[in-house]
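Build out the structure end to end from the sequences listed, making use of the hints.
Here the sequence shown is numbered in the numbering used here, starting from 6 and rising by one per residue.
Please keep in mind that the hints were generated in silico from the structure rather than gathered at the bench.
Glycine residues also receive a C-beta, built at the ideal position from the N, C-alpha and C atoms.
Everything hinted at is true.
Quick list of the computed label-pair ranges, beta carbon to beta carbon:
1. P220 / G71: 56 to 66 angstroms
2. E453 / P207: 44 to 54 angstroms
3. S116 / D322: 45 to 55 angstroms
4. S305 / V167: 45 to 55 angstroms
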Amino acid sequence: MVGRGPIYGFTRTQFIFPPILSLKCAPNLPRVVEMDANKSLPRIIQLATIISFSVAKIQESLDNQGAPSPSFDEHAPPLPVDIDEAQNAVLDATTELHDLLTEPLNILHRSARSDKSACLQVIAHFDIAKLIPPGDRLSFAEIAKQTPLTEQMVGRIIRHAVTMRIFHEPEPGIVAHTKASRMLANPDIRDWTRAGTEELGPAGGKLADALEKWPGSQEPNETGFSLANNTTGSIYDIIAKSPERAVRFATAMKVMTSRPGFDLSYATDFYDWASLGQAQVVDIGGAKGHFALALAKRYSDLRIIVQDMAKVVENADAESLGERVRFMSHDLFDPQTVCADVFFFRWVFHNWPDQYCIRILKAQVPALRYGARLIVQEAFMPETGTRAYWEEKDFRALDLEMAYTFNARERTLADWKALFEEADPAFKLRNVIEPKGSAMSILEFVWEGAKEPVT
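So this is what it looks like as structure tokens:
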């Protein structure tokens, strides 16, 4: 059986043998044995070997750090970041082994069901996780008394969640937290879950209808989200009409970008801002200036203007940085009026279709002088087979979310090059930075067009 190609250093004609449980028992692992391709071990044996070796590496690393072994316990600490390579190997190999041992019809059936989303929607909607005190237990009957649900339905919901490692049932009819369910007790995580299950879920169910009704559309109001809400407006129009939904979406974005992979340090520390010397930076779509303030504190030679819609930048606080950080009302589709050395876009293009991204880029041209930089921090859609399978799976899921929500998409490096080329051939890609651990990469384009700006 053919897998996805080389797996973490093991080719299809190599395997680690024998499978073991402890590196202490066999410190010379891995022993890579060359095999004739026609005599290679069955795929399931190769996968089991990869799992065994990689788990042993993880446990050895945890032991060396005095860290506990992974657990579903609600107080279990996060895993250290330095095990990511072995962690990826285990996650990919276990997923492939599981799927190899599952009947094809069962794979289709499980993939098509909406039960997981429905279960999480009920838990978040009725705030069930918050009812259970940390470190304590609660009966199904007690949860039923505090919600409109019957005791029977509480049990059905909880027991379904348990199959996803969310909650556990230490004794019949009694529920306690796991580390996943305890996160759901956080109001921000609850809102993030509701945004996914109540807003994006129905929109995904309308993707096929939207593709049939508006084939090839790049309009943000011709989406599954629009159809699910029975309106001709875009997600921006729809959410703006409901303060409750607007808060929920804002919270969901805060949760997503608060994860370690989105830390601002990946933008402030991995690009050579110091080499710019005394420079003017425009942070386009910079909201309340979180990035700009972090950058200004680190590099005293930089002066930064944060541009966003008037309602976003009003009352924004430059803290104690005075004139080094200023806020300016500006629509990113309008012609740029500020001449600067650097124009920075952090996750701005992510939720816009190609034709709108091109409009944004063209709008900067009047203010560009020769050598000006456009720095883009965005996620890259990996080329097939170049990333861990579970990571690519998440990217593919996000790509479809962009389709049925915004008519946008996740882009590969080749897509980004083509996008800038179509906006103006004078944009030249100079540098690509992919910091380890970051959910986003950095692209540096340089303007090699007109010597002087039009503005």
